[in-house]
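Participant: Take 1 as the starting number for the sequence shown in the numbering used here and just add one per residue.
Calculated directly from the structure, the hints in this document are not laboratory data. Model, not experiment: these values are computed from the prediction. There may be inaccurate statements among the hints.
[As the list claims (entries may be wrong)] What follows is a set of in silico ranges between Cβ atoms, one per label pair, in the way DEER data are often shown: (1) 270 <-> 298: 55 to 61 Å; (2) 168 <-> 230: 36 to 42 Å; (3) 142 <-> 105: 18 to 24 Å; (4) 296 <-> 274: 50 to 56 Å; (5) 200 <-> 176: 33 to 39 Å; (6) 381 <-> 101: 32 to 38 Å; (7) 31 <-> 359: 16 to 22 Å; (8) 127 <-> 179: 29 to 35 Å; (9) 274 <-> 101: 20 to 26 Å; (10) 36 <-> 385: 42 to 48 Å; (11) 101 <-> 359: 56 to 62 Å; (12) 84 <-> 270: 33 to 39 Å.
[As the list claims (entries may be wrong)] Subject to a maximum C-alpha distance of 30 Å in a straight line, what follows is the list of computed DSSO-like cross-link-like pairs (lysine-lysine): (13) 64 <-> 381; (14) 216 <-> 232; (15) 175 <-> 189; (16) 58 <-> 270; (17) 75 <-> 64; (18) 75 <-> 154; (19) 270 <-> 189; (20) 270 <-> 80; (21) 293 <-> 64; (22) 80 <-> 58; (23) 75 <-> 216; (24) 154 <-> 399; (25) 270 <-> 154; (26) 381 <-> 399; (27) 154 <-> 189.
Ideal placement from N, C-alpha and C gives every residue a C-beta, glycine not left out.
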Amino acid sequence: MTSPQFSRVRTHPTPSDKLIAHPGTWGALMILLTLLVFVLWASMAPLSGAVVAVGQVKPELNRKAVQHPEGGIIKQLLVKDGDRVAAGQAVVELESVSTDANHQLLRELAVFESVRRERLDAEQQFLVRYAVGPDIRNRYGDDLVLPAYQRELKIFQIRRSSRDQQLASLEEQLKAIERERQSLQSQIKAHHEGLRLIEEELAMNRSLQSQQFVAKTRVMAYERAMADHQSKLGEHESAVARTEQRWNDVKLRMALIRNDYQRVASEEYKESSNRLAELRERLRPAEDALQRKAVTAPVAGQVVGSRFHAPGQVAGPRDVLLEIVPEGESLIVEAQVAVDGINDLYIGQGADLRFTAFRSRTTPIVRGTVVYVSADALADKNGVPFYLVQIRPDPAALKAADIPSVQPGMAAEVFILTEGRTALDYLLSPITDTLRKSMREP
C-alpha cells in the first residue's frame, strides 16, 4: 500500500518536470535565445570593409620609351631585356647608308674648304710658308686634313712661284734700266766735260781769231763740235728721262702684280668663308642624324619590353624600340576598380597589398596608401568601364615583410579598406536596397 505522501508529490509536479514534460517549449526558448544573441552580435560587432581588385606593380613615373624619330634598319642590338643601362648608353644602332654618305661628303668638303681658306689667308699676308692650324687637324683628323693640305700646298707653291717669277722678271728689267741710266749718266758727264773743254778752246781760238792768229774755219770747227756735244747731251738727257719713266712703269707693274695677288686671295678668302659657313650649317644636322644612328638610353635603369630582337628588322618613325624602368624609381601598384566601388574610394585611403609572386603563407600583407583615383571612368579593351587607382606601398612595411624584391610587372591583390559595417548591415543591405527601388513609382 502506497504512502499518502508519495501520492501527494506525484499529484503536484515541479516546473522542471513541466519543461521536461514539454521539450518543444525548451527548444523554442533555446532558438530564441540564440537568435537574440546573434542579432545583438550582428548589430554591434564591426566588420572591416574593403574594395577588392587585382593590380600590377609599375614605376610611379612609368617606363621610359626609347624611340627614334626617323626609324631605320636595325644594325645591332646592344642590350636585351633585363640588362641595366646607364643614361646616355647606346642601346640600338641603326643602319643609314644615305646619312653616312651625306655626312662623309659634307665633312670632306668642309675639310677642303677649311684648308683652302688657310692657304688664302697665307696668300693675303704674303707669307712664304703655309701650314694648317691645329684646330682644323684636331677637329677633322689628319686622315682628311693631310690630302687637302697637300693639294692646297701645291696650289700655294704654284701661285707663289708664278708671282715670284713675274716679279723677278720685272726686277731684272729694273736692273737693266738702272744700268742703262748709269751709262747715260756717264755719257752725260763725259759730254759736259767735253763741252767744258771745247768752250775753253773755243774761247781761246776766238781770241786768237780776233787777233788774226788763226783762221775763222778753225773757230767754226770748234763751234760745230760744241753743238754736236750739246745735241748728244740733250739726247742722253732725254734717254735718262725715258729710263726713269720705264723704271716707274716697271715699279707700277710690280705693285699691280702684288695687289692683284692679294686682291684675288682676299676675294677668294671671303667666298671660301661663306662656303665654309654654309657647309658647317649643313654639316650640323648631318652630324645630328649620324649621332641618332646610335639610339641611347634616356635614363639609367633596366631594359624591358624589347620590340625588336634581330638585326635587319625595320623600325618605323617613332616606333618604340624598347622600354626602360628608371633605376631607383619608386614603385606603385596600379589597379582597376569596378565603377560601383568608386563611392568608397578617396586619396589617402589605406589599402592592403598581397604580392601573388610570393608564397602567401610566408609573406605577410603589406600596407599601402591610395595616391591616385582617376577623375572619370575609363574603359578596357573590351569596353568594360573601370576607375584607375594607384597605391603606393609603405617602404617600412615592405622592409618589415622581408620581401626579396618587388619588380615592375608583378601582380598584386589589392584590398582597399573602406568604412567598417556590422554584420547586420551586410545582411539587411540587399533587402533595403530592393525595398528602396521597389517602393518608388515607375
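Participant: Hint by hint, which ones does this structure get wrong, listed from lowest number up?
Facilitator: Violated hints (numbers, rising): 1, 4, 6, 7, 12, 16, 18, 19, 20, 23, 24, 26, 27; every other hint is consistent with the structure.
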